[in-house]
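Based on the hints, put chain V in the right spot on chain S.
Heads up: the sequence lines are chains S and V, in that order. Using our numbering, the letters of the first sequence correspond one by one to residues 1 to 563. Using our numbering, the letters of the second sequence correspond one by one to residues 1 to 563.
If you are wondering where the hints come from, they were derived from the structure by calculation, not from laboratory data. Heads up, some of the hints might be wrong.
You can't tell identical chains apart in this list, so a pair holds if it fits in one copy or across any two.
Taking lysine-lysine pairs in the PhoX-like style, the calculated list, with each CA pair at most 20 Å apart, reads [what the hints assert, rightly or not]:
| hint | residue 1 | residue 2 |
| --- | --- | --- |
| 1 | Lys109 | Lys87 |
| 2 | Lys258 | Lys66 |
| 3 | Lys296 | Lys525 |
| 4 | Lys538 | Lys525 |
| 5 | Lys269 | Lys109 |
| 6 | Lys79 | Lys258 |
| 7 | Lys525 | Lys297 |
| 8 | Lys297 | Lys542 |
| 9 | Lys297 | Lys449 |
| 10 | Lys449 | Lys260 |
| 11 | Lys525 | Lys269 |
| 12 | Lys542 | Lys474 |
| 13 | Lys332 | Lys191 |
| 14 | Lys538 | Lys66 |
| 15 | Lys296 | Lys189 |
There are 2 protein chains.
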Amino acid sequence: MRCGAYPEVTTVRVALGQFNAVVGDLAGNCRKMRELWAQAVQSDVDLLAFPELAVCGYPPEDLLHKRYFLDDCRLAVDKLAADCPDKTMVVGLPESSAGQTYNSVGVLKDGQITTTYRKGMLPNFGVFDERRYFRPGSEPVLLELNDVRVVLTICLDIWNIEWLGDFLRDVGRIDLVLNVSASPFHLGKIKRREEVVSDCAREFECAVAYCNLVGGQDELVFDGRSMFADSTGTIITTAEAFDEHLLIADVIPRDDGKVKVRPMQPPAKQPIDRVSEVHGALVLGTRDYARKNGFKKVLLGVSGGIDSAVTAAIAVAALGEQNVTCLTMPSKFNSPDTVKDAQQLAENLGAEFLTIPIEPILGRFHEALAMVPGWDDAGIAYENLQARIRGSILMSLSNQLGALVLTTGNKSETSVGYATLYGDTAGGFGVIKDVPKTMVYELAEHINKAAGREIIPAETITRAPSAELRPDQKDADSLPDYDLLDRILAGYVEQDKSALQLIESGLPQQIVRRVIRMVDRNEYKRRLCPPGVRITPKAFGKDRRLPITNHYSPTTHLGDDSP
Amino acid sequence: MRCGAYPEVTTVRVALGQFNAVVGDLAGNCRKMRELWAQAVQSDVDLLAFPELAVCGYPPEDLLHKRYFLDDCRLAVDKLAADCPDKTMVVGLPESSAGQTYNSVGVLKDGQITTTYRKGMLPNFGVFDERRYFRPGSEPVLLELNDVRVVLTICLDIWNIEWLGDFLRDVGRIDLVLNVSASPFHLGKIKRREEVVSDCAREFECAVAYCNLVGGQDELVFDGRSMFADSTGTIITTAEAFDEHLLIADVIPRDDGKVKVRPMQPPAKQPIDRVSEVHGALVLGTRDYARKNGFKKVLLGVSGGIDSAVTAAIAVAALGEQNVTCLTMPSKFNSPDTVKDAQQLAENLGAEFLTIPIEPILGRFHEALAMVPGWDDAGIAYENLQARIRGSILMSLSNQLGALVLTTGNKSETSVGYATLYGDTAGGFGVIKDVPKTMVYELAEHINKAAGREIIPAETITRAPSAELRPDQKDADSLPDYDLLDRILAGYVEQDKSALQLIESGLPQQIVRRVIRMVDRNEYKRRLCPPGVRITPKAFGKDRRLPITNHYSPTTHLGDDSP
Numbered sequence: 001m002r003c004g005a006y007p008e009v010t011t012v013r014v015a016l017g018q019f020n021a022v023v024g025d026l027a028g029n030c031r032k033m034r035e036l037w038a039q040a041v042q043s044d045v046d047l048l049a050f051p052e053l054a055v056c057g058y059p060p061e062d063l064l065h066k067r068y069f070l071d072d073c074r075l076a077v078d079k080l081a082a083d084c085p086d087k088t089m090v091v092g093l094p095e096s097s098a099g100q101t102y103n104s105v106g107v108l109k110d111g112q113i114t115t116t117y118r119k120g121m122l123p124n125f126g127v128f129d130e131r132r133y134f135r136p137g138s139e140p141v142l143l144e145l146n147d148v149r150v151v152l153t154i155c156l157d158i159w160n161i162e163w164l165g166d167f168l169r170d171v172g173r174i175d176l177v178l179n180v181s182a183s184p185f186h187l188g189k190i191k192r193r194e195e196v197v198s199d200c201a202r203e204f205e206c207a208v209a210y211c212n213l214v215g216g217q218d219e220l221v222f223d224g225r226s227m228f229a230d231s232t233g234t235i236i237t238t239a240e241a242f243d244e245h246l247l248i249a250d251v252i253p254r255d256d257g258k259v260k261v262r263p264m265q266p267p268a269k270q271p272i273d274r275v276s277e278v279h280g281a282l283v284l285g286t287r288d289y290a291r292k293n294g295f296k297k298v299l300l301g302v303s304g305g306i307d308s309a310v311t312a313a314i315a316v317a318a319l320g321e322q323n324v325t326c327l328t329m330p331s332k333f334n335s336p337d338t339v340k341d342a343q344q345l346a347e348n349l350g351a352e353f354l355t356i357p358i359e360p361i362l363g364r365f366h367e368a369l370a371m372v373p374g375w376d377d378a379g380i381a382y383e384n385l386q387a388r389i390r391g392s393i394l395m396s397l398s399n400q401l402g403a404l405v406l407t408t409g410n411k412s413e414t415s416v417g418y419a420t421l422y423g424d425t426a427g428g429f430g431v432i433k434d435v436p437k438t439m440v441y442e443l444a445e446h447i448n449k450a451a452g453r454e455i456i457p458a459e460t461i462t463r464a465p466s467a468e469l470r471p472d473q474k475d476a477d478s479l480p481d482y483d484l485l486d487r488i489l490a491g492y493v494e495q496d497k498s499a500l501q502l503i504e505s506g507l508p509q510q511i512v513r514r515v516i517r518m519v520d521r522n523e524y525k526r527r528l529c530p531p532g533v534r535i536t537p538k539a540f541g542k543d544r545r546l547p548i549t550n551h552y553s554p555t556t557h558l559g560d561d562s563p
Numbered sequence: 001m002r003c004g005a006y007p008e009v010t011t012v013r014v015a016l017g018q019f020n021a022v023v024g025d026l027a028g029n030c031r032k033m034r035e036l037w038a039q040a041v042q043s044d045v046d047l048l049a050f051p052e053l054a055v056c057g058y059p060p061e062d063l064l065h066k067r068y069f070l071d072d073c074r075l076a077v078d079k080l081a082a083d084c085p086d087k088t089m090v091v092g093l094p095e096s097s098a099g100q101t102y103n104s105v106g107v108l109k110d111g112q113i114t115t116t117y118r119k120g121m122l123p124n125f126g127v128f129d130e131r132r133y134f135r136p137g138s139e140p141v142l143l144e145l146n147d148v149r150v151v152l153t154i155c156l157d158i159w160n161i162e163w164l165g166d167f168l169r170d171v172g173r174i175d176l177v178l179n180v181s182a183s184p185f186h187l188g189k190i191k192r193r194e195e196v197v198s199d200c201a202r203e204f205e206c207a208v209a210y211c212n213l214v215g216g217q218d219e220l221v222f223d224g225r226s227m228f229a230d231s232t233g234t235i236i237t238t239a240e241a242f243d244e245h246l247l248i249a250d251v252i253p254r255d256d257g258k259v260k261v262r263p264m265q266p267p268a269k270q271p272i273d274r275v276s277e278v279h280g281a282l283v284l285g286t287r288d289y290a291r292k293n294g295f296k297k298v299l300l301g302v303s304g305g306i307d308s309a310v311t312a313a314i315a316v317a318a319l320g321e322q323n324v325t326c327l328t329m330p331s332k333f334n335s336p337d338t339v340k341d342a343q344q345l346a347e348n349l350g351a352e353f354l355t356i357p358i359e360p361i362l363g364r365f366h367e368a369l370a371m372v373p374g375w376d377d378a379g380i381a382y383e384n385l386q387a388r389i390r391g392s393i394l395m396s397l398s399n400q401l402g403a404l405v406l407t408t409g410n411k412s413e414t415s416v417g418y419a420t421l422y423g424d425t426a427g428g429f430g431v432i433k434d435v436p437k438t439m440v441y442e443l444a445e446h447i448n449k450a451a452g453r454e455i456i457p458a459e460t461i462t463r464a465p466s467a468e469l470r471p472d473q474k475d476a477d478s479l480p481d482y483d484l485l486d487r488i489l490a491g492y493v494e495q496d497k498s499a500l501q502l503i504e505s506g507l508p509q510q511i512v513r514r515v516i517r518m519v520d521r522n523e524y525k526r527r528l529c530p531p532g533v534r535i536t537p538k539a540f541g542k543d544r545r546l547p548i549t550n551h552y553s554p555t556t557h558l559g560d561d562s563p
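Bound-form chain S, shown alone:
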């Protein structure tokens, strides 16, 4: 009976099982879901949802081309259904049917999969390739629980509200849109995601329960932050960022057509600003890459410079100081000051510190190479050789000790190729490879501030950056000032702006042209860098796919003086 002063007519208690699914680990993922189910039962939950493709993790990529993988996913979810007969669970799985594969959720009830919903909107842009694997679904699925009408959606389904309105046209009244997602982090993404959830709530005048994945998977970090919105579009409660969380709320349709949301837990702490957000992503991405690939310990070269210092601090936050080894490998070009700073950093972090001077090795290389006419020790080749000796030492110790080598290059360097291929790019994981240099400085300040003491030595932060591969070398000899460089790179790499657009926005013409040439010319080098955490809207990974062999130089929009 719906009358009176908007009484609450019924309630459904919804739990969002935001967990760290591991790609391919069907048994492990199901174990996690069973644990969360047990907790949900204790909290008397009616409906428990897990992230997109929860059974196999996201993205499984070409595992989806293996017939037996699809069979195994189905068997795992069947078993999960049998193991968890009470309550209704919504579990993502790749669903194979009549020779087609769908990105689906199964509705698990009474010990079996009672129905499946197939994702309608398949992203095939940015880091996503879902049309490579899946066919779109075409049928909405409505559940009724305690008279509450729940529509199932998967990730992108709610990002195009016009499409969704059309898709749900014949569904009738909706009290709750449940969305299960695997939405990766980048700076600014949470704001957009909250808008999408709010818009959806307002459009259908219903509550929205948004369940996101959490965890690092190769270059991607899923940041969690599952949430509930009420039918006014207000975000009522948000789960942990960068951590697992079982977020529970009651969804309560009222007689006036509004739908209330009543959270069952105190609010989770959220990152206070963009730098702490990025820090959280880097820590989780590094921890999960190491852990999920079987590494307990990591190893990195520290130079006394800011990039390796920030990388080391993140490694310690991710894995503990007892699992981080800092190695300094000075040559005659390294100043005593930077060597001292490297040591001080390791001491501040409580990490192991080793010193291996490379001078004797460099000397023997030089003698050997001097047999070849044309070799000299005054150019780039000799500089790069020093980086390659260091790379070889790190990789040798990695092999011997079973520790993962972290590389320390930032996005600004990676963009313009200011790195030695198979030298400082040699390693297993590039912690800050998507972090622009200007943000590396912000991270350094953040790390010291958060610790309440000097972790990264002040001199490391204030000294002019140098690769120390020749006497008195400074980054500024080869590169524009990092503030300027990062503005050009944000425009060209992340926003696909043309040289002309950048110049018209006030950036200096000659430098813009030079930077763009450097970016274009170094695609091959970036292709051979290890993976690293993506934190920007466009990293040098699956979201930016440019040919190595590429003769394009713009004519219409170059901003050239010639017509």
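Same frame as chain S, but now just chain V:
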């Protein structure tokens, strides 16, 4: 008038401009097309077609996300139309319209683009990502030239004959299907392509003119072999493999409904067997990667083994012996026999030969690393170190001399990770990275036979393979026999078969399981190998996209003893 004993009622002379388009080189590609147009005019051609996306090369990948790139492509084709007013030309371009992008061909006539056809079937599998960029077209385009009715199609459009029949339902009589393609080479592809062209001809009882791209683009090699089929489905004439060719034929509808094809040139020589096909692909792929990326010279390590010998021979075929430097870098583990064979190889090829012993460098590295507790010179790390010293020497000389380093790993090794990351995998291009070891032997025999003399020393072919990184090491100590290994790899990697399927086909259970584990575990290493020529249906490039972080181990189909 159509009567009598099947008289030929009319004729259209068609030229297929199979040329080596360079990705992004709009001006250069248009220059080539103008040259071919001038030749076609001399041959009194009515219709001249170029390969798919001829103006910008294929695949342009994320260049298509740059608005100004699309504008430049359009301007370039407009200019080409103005430059080539006579005859009808069909020129591939990415077409931007109302915020969407299409994979189109422009019909150029009387100095302008008179109409465009938009590709209807967009491949988004294997190495293709066309749905990332393009919307499908929905309208057929029919040209009439000399009363001959010509339907335009692009690549995949003719590969699904049911779809095409439906798409062309209302077009009426068709005399010629023109298909412009960018169809990359792999072993066995030509046979499938000929079937597709024949089926299309028979289905529509018309001639088919199939214009394919030629040239190397990163990992892909486009093999050309454009062709004409008559309406019985017989392939009448085929253009050069792995080379440019302006293929001309008259297409002649007859009064009985059949369509004849009369070639205007003697037949082009075709590869005689699969090994010569692979050789052609490797030579073109290597030449184009070097040339298009600005390298005249290449440099590689030669060990006296078969992989480096075949790589060196292909490099000489691609770039000339004057542009190839072979470097041997012996340690105490290298036998005098292999060093001698390496020298003999270089001599046979007429290539420069250099020797840089690595023993002194290895000694200093060992001294330095011995400072770290746990280091020893008896394990894998010490073996890998030797490979990394060689990699550093090659990369140093590459930097100093401006030569591209070729890596020499084959597909069998690459599959199971039998290689040193940043050691023998360090370089710019991996010539035989998609060639299974058993085929490397076939290539060696082919190279010697084709030369009519010993290029690759007989001992290099007959000696048991060894990495020579420790005393008396043999590949067979670590790996199964290569015949067996390659059969397992073909099944698991290229055909996505499960362990159970492989075991049921008679392959030994323990070895199958071990090999699969090795393949799965080495994804990270393959991701960091330089690009190389794709010759199989599934290379370790864009056609096999597996996560690095991946805990999947099959349960249903493992062929395990346990239930």
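Here is what the structure says about each hint:
no.: 1; hint: Lys109 / Lys87; in the structure: within (6 Å within a copy, 68 Å between copies)
no.: 2; hint: Lys258 / Lys66; in the structure: neither (46 Å within a copy, 44 Å between copies)
no.: 3; hint: Lys296 / Lys525; in the structure: between (28 Å within a copy, 19 Å between copies)
no.: 4; hint: Lys538 / Lys525; in the structure: within (17 Å within a copy, 24 Å between copies)
no.: 5; hint: Lys269 / Lys109; in the structure: neither (33 Å within a copy, 66 Å between copies)
no.: 6; hint: Lys79 / Lys258; in the structure: neither (38 Å within a copy, 61 Å between copies)
no.: 7; hint: Lys525 / Lys297; in the structure: between (27 Å within a copy, 19 Å between copies)
no.: 8; hint: Lys297 / Lys542; in the structure: neither (27 Å within a copy, 31 Å between copies)
no.: 9; hint: Lys297 / Lys449; in the structure: neither (26 Å within a copy, 52 Å between copies)
no.: 10; hint: Lys449 / Lys260; in the structure: neither (40 Å within a copy, 81 Å between copies)
no.: 11; hint: Lys525 / Lys269; in the structure: neither (40 Å within a copy, 39 Å between copies)
no.: 12; hint: Lys542 / Lys474; in the structure: neither (32 Å within a copy, 38 Å between copies)
no.: 13; hint: Lys332 / Lys191; in the structure: neither (49 Å within a copy, 61 Å between copies)
no.: 14; hint: Lys538 / Lys66; in the structure: between (30 Å within a copy, 14 Å between copies)
no.: 15; hint: Lys296 / Lys189; in the structure: neither (31 Å within a copy, 46 Å between copies)
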